[in-house]
Amino acid sequence: MPEEKSALERLEEKLKDFWRKSGNPHVIAAKHTEFVVEPIIFMGDKLNPEILELLVLNYLTQTSKQDSGTGNIDVTPDKLVIKSPKGKPLVVVRDKKVIQQYLAQRV
Amino acid sequence: MSSGVTSQTNAALTSKVRSTATEIGHQVVNQFISLTSGQIAAYMSKIGQIQIAEHNRYNRSPLKTTFQAGNQKSAQSPQQNYESRIVSKSEKEEIAELAKKAEQSQLKYEIPSGTSAFRAIAFLSKLIDSSIAKEAKNAFYEQRVLEGATA
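For the protein sequence lines, the chains are A and B, in the order given.
For the working numbering, add 1119 to where a residue sits in the first sequence, where the first one is 1.
For the working numbering, add 148 to where a residue sits in the second sequence, where the first one is 1.
It should be emphasised that the hints constitute simulated quantities derived from the structure, not laboratory data.
Hints may be right or wrong, so weigh each one.
The list that follows gives simulated cross-link-like pairs (lysine to any residue, SDA-like), each with its CA atoms no further than 25 Å apart [claimed, not checked]:
hint	chain 1	residue 1	chain 2	residue 2
1	A	Lys1202	B	Glu258
2	B	Lys256	A	Trp1138
3	B	Lys256	A	Asp1214
4	A	Lys1207	A	Glu1169
5	A	Lys1124	B	Arg292
6	B	Lys274	A	Gln1219
7	A	Lys1133	B	Ser279
8	A	Lys1207	A	Gln1220
9	B	Lys282	A	Val1200
10	A	Lys1207	A	Gln1219
11	A	Lys1205	B	Val293
12	B	Lys274	B	Ser261
13	A	Lys1124	B	Ser279
14	A	Lys1205	A	Thr1195
15	B	Lys282	A	Pro1208
16	A	Lys1215	B	Ser261
17	A	Lys1133	B	Ser278
18	A	Lys1135	B	Leu275
19	A	Lys1135	B	Ala281
20	A	Lys1202	B	Tyr289
21	A	Lys1207	A	Phe1161
22	B	Lys274	B	Arg292
23	A	Lys1202	A	Thr1180
24	A	Lys1198	B	Ser264
25	A	Lys1140	A	Ile1159
26	A	Lys1135	B	Leu255
27	A	Lys1124	B	Ala281
28	A	Lys1202	B	Ser278
29	A	Lys1140	A	Thr1180
30	B	Lys256	B	Arg267
31	A	Lys1202	A	Leu1222
32	B	Lys274	A	Val1194
33	A	Lys1140	B	Glu258
34	B	Lys274	A	Leu1176
35	B	Lys274	A	Leu1179
36	B	Lys282	A	Ile1192
Examples of chain A residues lying across from chain B (beta carbon under 10 Å, computed) [claimed, not checked]:
hint	residue
37	Leu1130
38	Ser1141
39	Leu1174
40	Gln1181
No experiment lies behind these values; they were computed from the predicted model shown.
The beta-carbon is built from N, C-alpha and C at its ideal position, and this holds for glycine as well.
Isolated chain A (complex conformation) (with noise of 0.2 Å):
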């Protein structure tokens, strides 16, 4: 009988699922074999950042869509914080890119 995985297993697998969906998957392929190069969710007790910087991509996207109200997001121009409803930060965002991109389609 095969065991019963543990959450954070579980948790793994969905992050992965993921990931191959909304990542980009490297494939390399070999002379008879195909591998897919997958991250390892997480390192240590910290969240892969390639997983984590996924997560708020997604999750800007849809907050700027549905602008659902869920928790605050504090931004200038150096950094983005996103925040629980309680209003502890959760996730500190320091790629320029990404809030640049926030900033102009809240404009």
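Add chain B to chain A, keeping to what the hints say.
Showing chain B alone in chain A's frame:
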């Protein structure tokens, strides 16, 4: 391990994954198109930071086929050839170099570590995919129980 050291190590590993993926991509395209799955897997497992999903196109043993081809071309085994050409630095040196680079550069995306990361994932994924949010919440509670049990 202190959180400073952890974040440095994580940043180093992230850079390593990226550079390894790029390096392997280039190497395979430029020189190693005839490498066997076994050889690539051996290298990848040596690096140890990338997970591989392998799909054998022909459902046969590529390892055997390509080892024969490699032996015709060179007296050295393909495995030795491969390692001597690609692995020029020791893994320790590489990690130390990456850690130094990571220390100098500022991370573009930051998230809390530990169980707080699960909360952040749940929040971010709520609008994208509710099943991710659900599993992130489950992982948060599961981890809390585990931490309580070990405390």
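Going down the list of hints, with the structure as the test:
no. : hint                  : in the structure
1   : A:Lys1202 x B:Glu258  : holds (13 Å)
2   : B:Lys256 x A:Trp1138  : holds (19 Å)
3   : B:Lys256 x A:Asp1214  : holds (5 Å)
4   : A:Lys1207 x A:Glu1169 : holds (23 Å)
5   : A:Lys1124 x B:Arg292  : holds (17 Å)
6   : B:Lys274 x A:Gln1219  : holds (24 Å)
7   : A:Lys1133 x B:Ser279  : holds (8 Å)
8   : A:Lys1207 x A:Gln1220 : holds (24 Å)
9   : B:Lys282 x A:Val1200  : holds (23 Å)
10  : A:Lys1207 x A:Gln1219 : holds (23 Å)
11  : A:Lys1205 x B:Val293  : holds (23 Å)
12  : B:Lys274 x B:Ser261   : holds (19 Å)
13  : A:Lys1124 x B:Ser279  : holds (15 Å)
14  : A:Lys1205 x A:Thr1195 : holds (20 Å)
15  : B:Lys282 x A:Pro1208  : holds (20 Å)
16  : A:Lys1215 x B:Ser261  : holds (23 Å)
17  : A:Lys1133 x B:Ser278  : holds (10 Å)
18  : A:Lys1135 x B:Leu275  : holds (17 Å)
19  : A:Lys1135 x B:Ala281  : holds (14 Å)
20  : A:Lys1202 x B:Tyr289  : holds (21 Å)
21  : A:Lys1207 x A:Phe1161 : holds (22 Å)
22  : B:Lys274 x B:Arg292   : holds (21 Å)
23  : A:Lys1202 x A:Thr1180 : holds (16 Å)
24  : A:Lys1198 x B:Ser264  : holds (20 Å)
25  : A:Lys1140 x A:Ile1159 : holds (16 Å)
26  : A:Lys1135 x B:Leu255  : holds (22 Å)
27  : A:Lys1124 x B:Ala281  : holds (17 Å)
28  : A:Lys1202 x B:Ser278  : holds (19 Å)
29  : A:Lys1140 x A:Thr1180 : holds (16 Å)
30  : B:Lys256 x B:Arg267   : holds (20 Å)
31  : A:Lys1202 x A:Leu1222 : holds (17 Å)
32  : B:Lys274 x A:Val1194  : holds (21 Å)
33  : A:Lys1140 x B:Glu258  : holds (23 Å)
34  : B:Lys274 x A:Leu1176  : holds (13 Å)
35  : B:Lys274 x A:Leu1179  : holds (12 Å)
36  : B:Lys282 x A:Ile1192  : holds (23 Å)
37  : Leu1130               : holds (4 Å)
38  : Ser1141               : holds (8 Å)
39  : Leu1174               : holds (4 Å)
40  : Gln1181               : holds (4 Å)
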